[in-house]
Amino acid sequence: MLVLARKKGQSVMIGRDIRIVVVEVAGETVRLGIEAPHQFEIFREEIYRELREENAGAVTEAEKVMKMFKR
Amino acid sequence: MEGAAGLTISFPWGLPGLDYYEFTLSLLEEGSPFYFLQSTSQPEVGLLLVNPFAIFKDYEFELAEETAGLLRISDQKQVAVLCTVNTSRGIESATVNLLAPIVINTEHLLAKQVVLNDRKYSLRTPLAINPGAGKGAR
Numbered sequence: 006m007l008v009l010a011r012k013k014g015q016s017v018m019i020g021r022d023i024r025i026v027v028v029e030v031a032g033e034t035v036r037l038g039i040e041a042p043h044q045f046e047i048f049r050e051e052i053y054r055e056l057r058e059e060n061a062g063a064v065t066e067a068e069k070v071m072k073m074f075k076r
Numbered sequence: 166m167e168g169a170a171g172l173t174i175s176f177p178w179g180l181p182g183l184d185y186y187e188f189t190l191s192l193l194e195e196g197s198p199f200y201f202l203q204s205t206s207q208p209e210v211g212l213l214l215v216n217p218f219a220i221f222k223d224y225e226f227e228l229a230e231e232t233a234g235l236l237r238i239s240d241q242k243q244v245a246v247l248c249t250v251n252t253s254r255g256i257e258s259a260t261v262n263l264l265a266p267i268v269i270n271t272e273h274l275l276a277k278q279v280v281l282n283d284r285k286y287s288l289r290t291p292l293a294i295n296p297g298a299g300k301g302a303r
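Which chain is which? The protein sequence lines are A and B, in order.
If you read the first sequence in the working numbering, its first letter stands for residue 6, the second for the next number, and so on.
If you read the second sequence in the working numbering, its first letter stands for residue 166, the second for the next number, and so on.
Honestly, the hints are just simulated from the structure, not real lab data.
None of the values given here were measured: they were computed from a predicted structure.
Keep in mind that a hint or two might mislead.
[Said to hold, decoys possible] Listed below are the simulated DSBU-like cross-link pairs for lysine-lysine, each with C-alpha atoms no more than 30 Å apart in a straight line:
#1 B:LYS277 <-> B:LYS242
#2 B:LYS222 <-> B:LYS277
#3 B:LYS222 <-> A:LYS72
#4 B:LYS222 <-> B:LYS285
#5 A:LYS72 <-> B:LYS242
#6 B:LYS222 <-> B:LYS242
#7 B:LYS222 <-> A:LYS13
#8 B:LYS277 <-> A:LYS69
#9 A:LYS72 <-> B:LYS277
#10 A:LYS75 <-> B:LYS285
#11 B:LYS285 <-> B:LYS242
Excised from the complex, chain A in its bound form (with noise of 0.2 Å):
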């Protein structure tokens, strides 16, 4: 992993259309500004990470469904 020291108000660039720049600094937490073009989805890890979990466990098959409603 490429790692960067950057002070608030700096910035890294990705690529020649992404953009992060660091916003604010308090304590342990870092606030990042992000510009990227529309097609890149941006999330913050773990939420993404539970979205993904959440969504693969809620799949179900039409029959379960109808059965679940049909009591």
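Following the hints, put chain B in place on chain A, whose structure we already have.
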């Protein structure tokens, strides 16, 4: 929203965790807030969905301009919002994903699951389902 039943909808950005991009959306029962989303390529892959506004009266979020653009939404009338329901732990322990609703353009048949920035909503909000009535209640 009733008009969105029995439609083939594409999810060009997919659904995180699922590798399917086209689904059929149908209303579970007349008058019910529940829908079933079924993969067109893999019929055994489906998701139970619910109209969140029918159950959570205070539920609201602002659709990001970028998302509206991606879904080619130009009029609010084109928009439907449904949330996934997880019944894997049994119907008594059903939960609904209010943090990542599915936004559908019912006119262009495009949909995307969006992650809200609002920390008051959860991926697993308890949902009481009354199977007899086919309707959910808090």
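The hints, checked one at a time:
1. With a C-alpha separation of about 17 Å, the suggested pair LYS277 of chain B and LYS242 of chain B falls inside the 30 Å cut-off, and the hint holds.
2. Taken as a hint, the LYS222 of chain B and LYS277 of chain B pair is honoured in the structure, with Cα atoms around 23 Å apart against an allowance of 30 Å.
3. Among the hinted pairs, LYS222 of chain B with LYS72 of chain A is consistent with the structure: their alpha-carbon atoms are about 28 Å apart, no more than 30 Å.
4. Proximity of LYS222 of chain B to LYS285 of chain B is assessed by CA-CA distance (about 14 Å); at most 30 Å being required, the pair is judged to hold.
5. In summary, the hint linking LYS72 of chain A to LYS242 of chain B is not supported, as the alpha carbons are separated by about 33 Å, beyond the 30 Å threshold.
6. A distance of roughly 19 Å separates the Cα atoms of LYS222 of chain B and LYS242 of chain B; the hinted pair therefore holds under the 30 Å criterion.
7. Only pairs whose Cα atoms come within 30 Å are accepted, and LYS222 of chain B paired with LYS13 of chain A is rejected, the gap being roughly 41 Å.
8. The hinted pair formed by LYS277 of chain B and LYS69 of chain A meets the criterion: a straight-line CA distance of about 25 Å does not exceed 30 Å.
9. A C-alpha spacing of about 28 Å is found between LYS72 of chain A and LYS277 of chain B, which places the hinted pair at or below 30 Å, so the restraint holds.
10. Using a Cα cut-off of 30 Å, the hinted pair LYS75 of chain A and LYS285 of chain B is violated, with the two alpha carbons roughly 33 Å apart.
11. For the proposed pair LYS285 of chain B and LYS242 of chain B, the alpha carbon gap of about 26 Å is at most 30 Å, so the pair holds.
This entry does not satisfy hints 5, 7, 10, going by the numbered hints stated previously.
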